[in-house]
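Starting from the given sequences, assemble the full structure and let the hints guide the process.
2 protein chains.
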Amino acid sequence: MPVRERILKTAVDLFWRYGVKSITMDDIAKELGISKKTIYQHFNDKDAIVKEVVEQELACEKTDIDRLGAESRDPIEEVLKTSDYVQASFGTISPVLLHDLKKYHPRAWILFQKHKHEHIIQGISGNLKRGIEKGYYRENINVDVLARMRVEQIEMAFDPTIFPPQKFSLVDVHVQLIHHFLRGILTDKGFTIYNTYVDKSVIESNHP
Amino acid sequence: MPVRERILKTAVDLFWRYGVKSITMDDIAKELGISKKTIYQHFNDKDAIVKEVVEQELACEKTDIDRLGAESRDPIEEVLKTSDYVQASFGTISPVLLHDLKKYHPRAWILFQKHKHEHIIQGISGNLKRGIEKGYYRENINVDVLARMRVEQIEMAFDPTIFPPQKFSLVDVHVQLIHHFLRGILTDKGFTIYNTYVDKSVIESNHP
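Chains as they are written, first to last, in numbering that gives the first Met the number 0: chain E, 0 to 207; chain S, 0 to 207.
Heads up, some of the hints might be wrong.
Put simply, identical chains are the same to the list, so a pair is met inside one copy or across any two.
Below 30 Å or equal to it, Euclidean Cα-Cα: the simulated BS3-like pairs (lysine-lysine) are [as the list claims (entries may be wrong)]:
no., residue 1, residue 2
1, K20, K102
2, K102, K115
3, K166, K128
4, K36, K61
5, K133, K166
6, K166, K101
7, K102, K113
8, K35, K20
9, K113, K20
10, K50, K102
11, K101, K80
12, K36, K115
In case anyone wonders, no lab produced these hints; they're calculated from the structure.
See the structure below:
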């Protein structure tokens, strides 16, 4: 792997595990067994690495989530599959990561906000509309209101002032919120489909 | 009414309608037909008025909401009654109010946050526990997670960056979120009760 890609890969690993603030250029160099000078040949500063890492991760996430949508048999399965995917990612992410981005890396944070509005809210709205069309979601939901609320829930799960990591596990919070969200929009017909998925789901059976 | 109380009452009216930032001591004096000097005999600055206004309003809200709880036949009716009460208040509140408090009046904002943690989250948790006990709410909800999520939803409805007032009505957002929240926690038994209330509700029948 070229050194530039190795730097980015190592940075992602470290940022995801420890957040961004606590990781220095020294830490990245040490982890790679290269000199800091080599890193600076490719990146002006940590902020440049952070921005590129976030860009790559968001693009990758979009591809993954689009694929999950295409592979799903119906909008309910799509939500549950996406949720499993997000949970798997959450497992490896430090809860302070979003907080660090917001506070110390505004350029990367703006990318994240743009992604949120252009892709995540659009994606959720699309799912809601398809679910209503199929009669699985209530007709009287306001798609725009609930899509925005849902995206805020995703961010909320990461917010240590709302869910302090000493007290709450990110995965637990996420599972609670996604099942609550889905149940809140289902019709009777939708519940029938939902229950067939939940019965099979290991995650749900861990929360009897 | 003594002049001190008249100042507070007028300040509440103006703040609620226009937010805090855009209202000056001059505006308050003018509205009351008194001199600014008279206001300064009672309050050091606008921040002192804001703090006292918020204190009074929160105490008043707590009394009202406790009373609504005591008057309700079951936890579901309690949620719906509280929701109607909050909506009635929302109708008279400028959407920029909480935003102004957070940004320009940290002392009042801290009061609000304290109230949120000591009373609102406790109140919601109590409701959730009573609902589970009666078999109206699912046993497998995490009370602490959902109570915190719900209180964030209440704040979210006020956030102009999430729900721009040009595009969303505060009451619509609130109605969507409260019914979604309730549906997300109900058992079949709970739905039976919920439906009897919703059939009667004017608000819900406006959103068929």
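Structure-based check of all given hints:
no. : hint        : verdict
1   : K20 - K102  : both (9 Å within a copy, 25 Å between copies)
2   : K102 - K115 : both (17 Å within a copy, 24 Å between copies)
3   : K166 - K128 : between (36 Å within a copy, 19 Å between copies)
4   : K36 - K61   : neither (33 Å within a copy, 60 Å between copies)
5   : K133 - K166 : between (39 Å within a copy, 27 Å between copies)
6   : K166 - K101 : both (22 Å within a copy, 26 Å between copies)
7   : K102 - K113 : both (16 Å within a copy, 23 Å between copies)
8   : K35 - K20   : within (17 Å within a copy, 48 Å between copies)
9   : K113 - K20  : both (22 Å within a copy, 28 Å between copies)
10  : K50 - K102  : both (14 Å within a copy, 28 Å between copies)
11  : K101 - K80  : within (28 Å within a copy, 37 Å between copies)
12  : K36 - K115  : neither (35 Å within a copy, 50 Å between copies)
Hints 4, 12, counting from the list given before, are not met by this structure.
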